[in-house]
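Q: Use the sequences and the hints to build the structure in full.
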Amino acid sequence: MRTNPLDFMNLHEYQSKSILKKYGVAVPEGILAQTVGEAVKAAEIIQNMTGSDKWVIKAQIHAGGRGKAGGVKVVNNLNELRAQAGRIIGMQLITPQTPPEGKKVRKVLVEQNIYYPGPSEPMEFYLSVLLNRLKGHTILMYSPRGGMDIEKVAEETPDYIFTEEIDPKVGIRPFQCRKVAFNLGLSGETFKNMIKFVNAIYQAYDGSDASLVEINPVFKTSDNKILAADAKLVIDNNALFRHPDIAAMRDFDEEDPAEVEASRDDLNYVRMNGNVGCMVNGAGLAMATMDIIKLSGGEPANFLDVGGSASAKRVEQGFRIILKDPNVKAILVNIFGGIVRCDRVAQGVVDAYNNIGEIKVPIIVRLQGTNAEAGKKIIDESGLRVHSAITLREAADLVTKVMS
Amino acid sequence: MSILVDKNSRVIVQGFTGSEGTFHTGQMIEYGTNIVGGVTPGKGGQVHLERPIFNTVADAVKKTGANVSIIFVPPPFAADAIMEAADSGIQLVVCITEGIPVRDMISVKEYVISRNVRLLGPNCPGVITPPNTKVGIMPGFIHKPGTIGVVSRSGTLAYEAIDQISKSGLGQSTGMGIGGDPILGTTAKEAIELFMEDPGTEGMVLIGEIGGGMEAEAAYWIREHGTKPVVCFIAGATAPKGRTMGHAGAIIGGKSDTAEAKKAILRECGVHVVDSPADIGTTMLDVLKKMKKR
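From first to last, the protein sequence lines are chains A and B.
The numbers in the working numbering rise by one with no breaks, and the one at position 280 of the first sequence is 672.
The numbers in the working numbering rise by one with no breaks, and the one at position 150 of the second sequence is 151.
A portion of the hints provided could be inaccurate.
[As the list claims (entries may be wrong)] Cut-off 30 Å, straight-line C-alpha distance, at most; resulting in silico cross-link-like pairs (DSS-like, lysine-lysine):
| # | chain 1 | residue 1 | chain 2 | residue 2 |
| --- | --- | --- | --- | --- |
| 1 | A | K716 | B | K242 |
| 2 | B | K242 | A | K544 |
| 3 | A | K571 | A | K414 |
| 4 | A | K686 | B | K168 |
| 5 | B | K242 | A | K527 |
| 6 | A | K496 | B | K242 |
| 7 | B | K168 | A | K793 |
| 8 | A | K721 | B | K242 |
| 9 | A | K769 | A | K705 |
| 10 | B | K242 | A | K499 |
| 11 | A | K527 | B | K110 |
| 12 | A | K769 | B | K168 |
| 13 | B | K145 | A | K769 |
| 14 | A | K527 | B | K229 |
| 15 | B | K242 | A | K624 |
| 16 | A | K686 | B | K242 |
| 17 | A | K460 | B | K242 |
| 18 | B | K110 | A | K561 |
| 19 | A | K465 | B | K242 |
| 20 | A | K571 | B | K110 |
| 21 | A | K686 | A | K716 |
| 22 | B | K110 | A | K624 |
What the hints contain is simulated information worked out from the structure, not anything from laboratory work.
On a predicted model such as this, the values are computed, not experimentally measured, just so you know.
A: Dropping the structure here:
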């Protein structure tokens, strides 16, 4: 029944802004570029629209913290733009949210510089729409402290965080949008623009089946416009069937190649940095198995849920994916056979092992449930370098043994 | 004694004639569940697995007196199926379907509350009262009648806990999976409440995981109202931040959302937290023995 093992779909900033724009959210003028030449052309078009020759270049990767890492630059003329575009496109951008080796920048968003002079001072706010899981409905979260790490704001100055609950029966109400604008201390034209902005943001969240819309900062320009200066949208993957346009925005370049391959086989795989791989049926048991590995002296190398069937083919696909990771020193297979019989799974493990050829790391197979004893017997008599276990504690002890 | 389902439950199956519905209905009948019929729109009047098919849940309720429904309908149509059951006089709706959009579940939650109907799930293995009533997809044979109530967000991890409890000699009053999604019909706190009120339940096992505030909510309730011991395991101590681990609901958000933070709150509230999932059964046994000595 699963269409894609990633439960939430991440989008680039430029994609998020294109979705927001459809719902009437004001965003800075911007154009995507993949080469320096395209960046120059984009800048010239934006100059024609805004009359300004100052721009911002923003690296488009699926990770936050781009600015501090050098992935966002203000440029004041075409020469600077050429130089910065040349530097950013193709760079390995390392931020606190990327893997240690960083992420390769394949495209940049060229935008107008919204810090232009005008009759009033620019201001920055924070606004997000998300799910309150305990209550089962949507909330707005907002703060006059924009452009900062919102978790830090919540911790240090909780009085500056406001929330507004949305009644699912009626959606967002005008009084709620007014409340946001008042609590942000706005008046006049800016007040009116903020009301429109908040309503449009909520409509975008609701209409695109988002799990999160986060605008940080919400930007008030010197001429009192309200813009989404940055935008993060996360879409509920389970709802993509009704948004084929958004589903088409998935960027495989931003995902771990092993995870993409696993998802093609309908395996739910998340790569981690440890040394003991694992293959489990069921997400909860898979997490528990990772925890057992850690308690037994190893570090989990991955999360891998092979689903209910755990057939020989899926076990083989699972082994192949885990074995691609050179850090893996041992593999723990943990299958609770409910509907699926352990003797079949055991035969699947043996067949997969033989099909792959020589596997250099020790394998521990823990089979519990229907025909567990028969399964253990098949493993024990296979003559392969595979340890078998029935209880979880036996499996844990075997992990400790092979890792020491 | 038990909660939610027992041999008097009259169960219908929505999504009766599909492959999942057919397979698991066969398994439920074999276990002894009183399956009184099924619903597949357009196939009303036919017979499947020796049970009548109805076009609507309302028809099924009228003709069979059904009070429980189990749903195997595909995700785009599952929200509608839950609402149909809730509108037709069903008292307990068990939704097995995985992958229902969150936005649909927001409306569903409102709807079932307004009609005073209990929903279990979605994305859950269901509920079982051994030895003869299974409304779900769990393997029946690992269960044993007994006095422990089991509440779990995950399927196979629940089977693991149940197997350990059966082998420890304790057995279950009722076992239930509440589901792995962000919005659930029945929360951990509500499930624990039901077990606390059940005279046939001596102790509880709560299997939680990273993501959301449900276990903390249960813990605070237990601190105020708990009268029986609760053993708890929280999966995902080693899960990386910001990644969903299989279940849509299993994702570490803020600092208070980690397995360690949840465990600390549960311990503070008097819950017996185990760090290893291998210790669930033995810990439950120890806790009950110590209580009886006193």
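Q: Decide, hint by hint, whether the structure agrees.
A: To see whether the hints hold, each was checked on the structure:
no. : hint               : result
1   : K716(A) to K242(B) : holds, 23 Å
2   : K242(B) to K544(A) : holds, 17 Å
3   : K571(A) to K414(A) : holds, 25 Å
4   : K686(A) to K168(B) : holds, 25 Å
5   : K242(B) to K527(A) : holds, 23 Å
6   : K496(A) to K242(B) : holds, 21 Å
7   : K168(B) to K793(A) : holds, 26 Å
8   : K721(A) to K242(B) : holds, 24 Å
9   : K769(A) to K705(A) : holds, 21 Å
10  : K242(B) to K499(A) : holds, 26 Å
11  : K527(A) to K110(B) : holds, 10 Å
12  : K769(A) to K168(B) : holds, 21 Å
13  : K145(B) to K769(A) : holds, 26 Å
14  : K527(A) to K229(B) : holds, 26 Å
15  : K242(B) to K624(A) : holds, 17 Å
16  : K686(A) to K242(B) : holds, 16 Å
17  : K460(A) to K242(B) : holds, 21 Å
18  : K110(B) to K561(A) : holds, 11 Å
19  : K465(A) to K242(B) : holds, 28 Å
20  : K571(A) to K110(B) : holds, 27 Å
21  : K686(A) to K716(A) : holds, 21 Å
22  : K110(B) to K624(A) : holds, 27 Å
The structure meets every hint from the earlier list without exception.
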